[in-house]
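Could you build all of it, start to finish, from the sequences and the hints given here?
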Amino acid sequence: MKKLSVLGFIGILLFLFSCQKEDAESNRLLNVVFPDYFPAPAYDFGANPPTEQGFELGKKLFYDANLSADATVSCGSCHQQFAGFANLDHETSHGVDNCFGKRNAPVLFNLIWKDNLLLDGGIKNLELVPLNAIADTCEMATSLSAVMEYLNGNSTYKRQFKQAFGTSEITSQKMLFALAQFTGMMISDDSKYDQVKQGKTTFTEEEQKGYQLFKTNCGQCHTEPLFTDNSFRNNGLDIISSDNGRAHITELITDEGKFKVPTLRNIEVSRPYMHDGRLSTLNEVLEHYSTGIKNHSNLDPILKNGISLNSEEKISLLAFLKTLTDQTFLKNPKFSEE
Amino acid sequence: MKKILYAMACVAIGLASCKKEEAEIIGSGTLNFEFENVVDNASLELNTKTYTNASSEDFNISTFKYYVSNIELTDSKGSIYKVPENYFLIDQSEESSLKPMIEGIPAGDYTKISFTIGVDSARNFAGAQTDALDPLNGMFWTWNSGYIFVKLEGSSPASVATNNKLAFHIGGASATTNAIRKTSIDLAPYTLRIRTDKVPEVHIKVNVAKMFTGKQDISFATYNTMHGGANALLIANNYAEGMFSLDHIHN
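As they're listed, the protein sequences go chains L and A.
Just so we're aligned, residue 504 is where the first sequence starts under my numbering, counting upward by one.
Just so we're aligned, residue 150 is where the second sequence starts under my numbering, counting upward by one.
These aren't lab readings, by the way, just hints derived from the structure by calculation.
Hints are not guaranteed to be accurate.
For each label pair, taking beta carbons as the anchor points, the in silico distance ranges come out as [said to hold, decoys possible]:
#1 E185/A to K665/L: 40 to 46 angstroms
#2 S177/A to E727/L: 53 to 59 angstroms
#3 N813/L to T279/A: 53 to 59 angstroms
#4 D592/L to K231/A: 54 to 60 angstroms
#5 M651/L to E185/A: 28 to 34 angstroms
Only part of the chain L face toward chain A is listed, based on derived beta-carbon distances under 7 angstroms [what the hints assert, rightly or not]:
#6 G625
#7 I626
#8 N628
#9 L631
#10 L634
#11 L647
#12 S648
#13 S675
#14 L679
#15 I752
All of these numbers come straight from a predicted model, not from anything done at the bench.
Note that the Cβ used here is the ideal one computed from N, Cα and C, for glycine as well.
Right under this line is the structure:
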C-alpha cells in the first residue's frame with residue numbers, strides 16, 4: 504500500500520512536471536533586451552508579457568491583409584521592414600481603394616520608448632495604435648467588429664490565440680496585446696553607431712566629423728540614443744501649415760503645425776521625409792534646414808536662423824546619419840513576412 | 150485548561166450576541182439599477198419619436214449611450230463605500246444594459262449615490278481594455294486615445310451638418326479638455342437598504358434633454374457635431390447639472 508501510494512505520488516509529480524515543461528516549451532516567455540545606454544521604456548509589458556506564441560500571433564496579424572475592408576491592406580503594406588517599417592517612396596500612406604492619407608507612414612521600431620504615438624501624439628498607448636489604422640477610411644477602412652468577426656471565424660487564429668493566451672476566446676484586447684508584443688519587440692539597436700558606442704568598432708574620420716556636427720546642430724531635438732526627444736515641434740516647412748498637426752489633438756493655437764520629432768535611426772532607408780513625405784532625399788532635408796526654414800508662427804526657436812552647413816559639412820553629416828542604419832534589424836527574419 | 154474553556158465560551162457568547170444585536174446589517178448584498186432614459190416627460194424611443202430642445206428645435210435620436218463608473222455609496226453615518234472596478238455602458242438599444250447590477254455591497258443603509266459620468270482618467274490612457282471598456286463597443290476614439298463618455302446621434306432639421314445629422318460625442322480626459330464629470334444623487338426621502346436577503350432597485354431617470362440646456366442652451370444650428378474638444382465641455386457641464394435624477398427605490 505505504502506509503495507503503491509509513493510509510486511502514485513511520484514507518478515503524479517512526473518506528470519505535473521512534464522505538463523509544466525511542455526507548456527513552457529510551447530509558449531516561452533521572451534526577454535526584452537536592449538543596450539544599457541537606452542533609457543527605461545515607457546510601455547510597460549507587465550500586463551502583457553511577450554511570449555513566443557504571442558509574438559508569432561502578432562506577426563501573423565501584422566501581415567494579414569484580410570483585416571482590411573477589401574483584403575488588400577495589412578499593417579505591413581505601409582510598414583515595410585526594409586524601410587525601417589516606414590513606407591518607401593510613398594509620401595503618404597496608401598490605403599484601401601487607392602486612398603492616400605494625409606501623413607507619411609512613420610517607421611516602427613523602438614516604440615516602447617514612446618509615451619504617445621503617431622505624428623500628432625494622439626495615441627497614448629502602444630496597444631491602441633492598430634485601432635487607428637483599422638478604422639481610418641484611408642487605411643484599412645474597416646471596423647473592429649468586422650476584424651473580430653473575421654478572427655473568430657478562422658480556425659487557425661482560434662488555435663493561435665489559444666496557444667498565445669491559453670484560451671481560444673478571441674477578444675479585441677488579446678488581439679491588441681499580440682500586436683503590441685510583435686511591434687514592441689521591434690528594437691533597433693545594432694547600427695554602426697551602436698557598435699561604436701559599445702566599443703566594437705570606430706567611426707571613420709568623416710563619420711566622426713559628422714557626429715560632432717550632429718551633436719552641435721541636431722542632437723537637441725534628435726536626442727541620443729533614440730535620436731528623438733519625442734517632443735512636438737514646428738520645423739519651418741510652411742508659413743501656414745495645411746495640416747494642423749499636434750493642434751488636432753490639443754486644440755491649442757500654439758500647437759498648430761507641430762509634429763512629433765522623428766527618430767533618425769534607419770533614416771537612410773526610410774525615405775521620403777517630413778510629416779507629409781514632401782522631401783525625397785536626405786540632401787533635400789539638409790538643404791531645408793540650412794536654407795529653407797520658413798517663419799511659421801510656431802517655428803521652433805532653435806531653427807530661427809536655420810542650421811548653417813557648408814557642402815563639406817553636409818557630406819560629413821550624411822556619413823554620420825548613415826551609421827544609424829541597422830542592417831541587423833532591417834533584415835532580421837524574426838520580423839519578416841513569411 | 151479550564152481557563153481556556155472559559156475564554157472560548159466568552160468568545161462564543163460574544164460572537165453570538167454580536168450577531169443578534171446587528172443581525173440586519175452584516176454581510177453583503179446586491180443592488181440593481183434601472184436607468185430609464187427619457188426626454189423631459191416623454192420616454193426615449195430611438196428613431197421614431199420627435200423631440201424639441203430648449204431652443205425649440207425638433208430632433209430625433211438614433212443612438213444614446215453613456216458610461217457610468219466609479220460608483221460610490223454613502224451611508225447614513227457618512228462613510229463611503231467605493232464599488233471596486235465598475236464600469237457600466239448604458240445603451241438605449243440594448244435592453245439588458247439598462248439594468249446593471251452590483252454585488253458584494255456591504256449591508257447597510259445608504260443615503261447617497263455618486264458616480265462618474267464617463268470613465269476616469271487612468272482608464273482613458275491605459276492600454277487595451279475589456280468588457281464595458283472594450284473598444285469594440287464603439288465608445289473609444291481611435292485617433293485620439295480616450296473614451297466617448299456620452300454619445301448621442303440623431304438628426305434635426307435645424308442642423309446644418311450633412312443630412313441634418315447630429316453627432317454629439319462627448320469625452321476628453323486631458324489636462325486642457327477634461328469632460329470627466331461626477332454626479333451625486335441624494336436618495337432622500339428614500340433609504341437604500343442593502344441586505345443579504347434583499348435586492349433593492351434604484352430607479353434613475355436620465356433626461357437626455359438636459360444635455361442641451363442647464364448651464365447653456367445648445368442650438369443645433371450652431372452645435373451639431375462634436376468629437377470631444379472644448380465644445381464638448383459645454384454639453385458635459387449641462388449634463389452634470391441634472392441629467393441624472395432619482396425616480397424611486399424599491400427596497
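Are there hints from earlier that the structure breaks, and if so, what are their numbers? none
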